[in-house]
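Fit chain B to the known structure of chain A by using the hints.
Given next are the chains, with one letter for each unit.
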Amino acid sequence: MLPFILKRVFQSILVLVITGAIAFSMFTFVGDPIDNMLGQERTMEDVERLRAQLGLDKPIPVQYFKFLNEAAQGNFGVSYRQGREVSEIIMERAPATLELAALSAVFAVVMGIALGVFTAIRRDGFAAHFIMSASLIGVSLPTFLIGILLIYLFSVELGWLPSFGRGEVVEIGGWTTGFLTESGRKALILPAITLGLYQMTLIMRLVRSEMLEVLRQDYIRFARARGLSERVINFRHALKNTMVPVITVIGLQLGAIIAFAIITETVFQWPGLGLLFINAIQFVDIPVMAAYLMMISVMFVVINLLVDILYAFIDPRLRVSAK
Amino acid sequence: MLDSDFYYAFRHSPVAIVSAIVSIVLILSAVFAPFIAPYNPFDPTSLNLMNGFTPPMEPNAFTGETFLMGTDDQGRDVFSTILYGMRISLFVGFAAVLFAVVLGILLGLLAGYFGGWVDSFIMRAADVQLTFPSILVAMLIFGIAKGITPVEHRDQMAIWVLILAIGLSDWVQFARVVRGATLVEKNKDYVSAARLIGRRPSAIMLRHILPNILSPVLVIATISLALAIIAEATLSFLGVGAPPTQPSLGTLIRIGQGYLFSGEWWILFFPACTLLALALSVNMLGDWLRDVLNPRLK
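Sequence order for the protein chains is A and B.
Position 3 (the first sequence) corresponds to 3 in the working numbering; numbering is contiguous.
Position 65 (the second sequence) corresponds to 65 in the working numbering; numbering is contiguous.
These are calculated hints, taken from the structure and not from any lab test.
Cβ atoms here follow ideal geometry from the backbone N, Cα and C, with glycine treated the same way.
Just so you know, not all the hints are guaranteed correct.
Quick list of the computed label-pair ranges, beta carbon to beta carbon [unchecked claim]:
hint, chain 1, residue 1, chain 2, residue 2, range
1, B, M157, A, K58, 25 to 35 Å
2, B, F121, A, N279, 32 to 42 Å
3, B, M157, A, A114, 46 to 56 Å
Excised from the complex, chain A in its bound form (with noise of 0.2 Å):
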């Protein structure tokens, strides 16, 4: 087992030493930050002392040495745009987007599970066949037009909910948060289920079709046979052994979550770092860029190496074969 954690190690490190180096070149190489900073209106000493202040007057290889020390501490300097700390602006967003993904990860798990396993023991049923077809339609449509039809439907038509923002915030201790007020709970809703609707749709898929694998099993129609009820079968001899396949993808989603957010955000207009990177990109901000880029690709890689190493835990076979 050892081999194969330390194999996955070497490849996380890998891919983190191949976007540092993507990161690195954004700053070195992509537009300059100067045309960016100072308006039409600038004399060459303002050139000159925004250059020296930035660090851009030192050769390549120095400015490389110093961002990866920097970027190693979580100082990305200052962002072009908003003249601010760039991480100091994540860690403002960031509450808004982990509150958001947290809530339409549960969303995901809770409702793709439960959908998954009533389509799979009510298989022949009417409201089996529709959430099945439903969820296809599902699939195939882009994220944005999800996000815009919920609004249309429950702030336009309906009025119940706000169609963007975060409502109010409560800060406590740097973290702010909107699950404590009830207009911060009523503008989670529609983001949430906009964001955890496909993660959802792909769950439900998964277990339905690894519930039907598993109730064909003979252990189950053994549990039958010993007279157990329907749902301790279902549930405790069933469900149990559809597991493995479903933690992998939960975790793998985790991070497909994250970066969807910027889609969701931009539709619902949520002030977190999806919202900050899509305006990065619109006017090129790339310390902003750079930072993202990092730190999603950190928590990408840890959520692989993670599961990989999961897998190798939960399955008694992979265990075996390992060693």
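Relative to chain A, chain B alone:
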């Protein structure tokens, strides 16, 4: 490909017939947009600001003109902007997939034929890229490319940058399929024969191996086209794609979203429906093609 099996399967699948008809109608109307569209939405002389916000099929209060799908804020005919927008969406979609296919085939052939460090290098790069969702990769490439292009050319270059970004985010799957097929083909007798008579590796790869591995590539390309159209629409919707001066369907939806609350629903509704019809029909056609051409299912 037009052998009798294929045609028989097509005639007996209503889903395939309907989605083929819808895609062909949409693609043709995009190609012939200048002849179909009643107005040229990019010709400022044909615009009349008084026509702004005319609802569909109702005469305008000031000018008395009627528009099939209404007009937007600047008095542009929504039907015409959709036709022209679909042109850009389809152009970007086709060009991006073509780019991804060519790049994927070349790298896949190289990796599969030569093996060794060439193979490891290309496939590790593919692994690294697969760590991230392709839409994120496309956004990043778009951002970097936008930074490299000079400010005054950004709007004109945006379409090409978009093609580059979506194409580069999509080559991996083609490279993987081509590499796998090449590994199988290169040990067959006809390749050894070609090598024996002294053909160059480039000729063996492109002339001998490539024609034999094209059919899975075509299937993935069709499904990729639907995904590329959606990716383009998503990027343009987010404001990191086609500029307002060359609006694609995604840009039109982005503009239309602004009028969701003020009641001008048609500015959003018609472009959204068009995008949906386009993406769904191409997607279903691709799915059907995959089922028909998949030898394992036969």
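Here is how each hint holds up against the structure:
1. B:M157 / A:K58: 25 to 35 Å: Roughly 30 Å apart at Cβ, these two residues keep to the hinted range, so it holds.
2. B:F121 / A:N279: 32 to 42 Å: Given about 35 Å between the Cβ atoms, the range holds.
3. B:M157 / A:A114: 46 to 56 Å: 48 Å, holds
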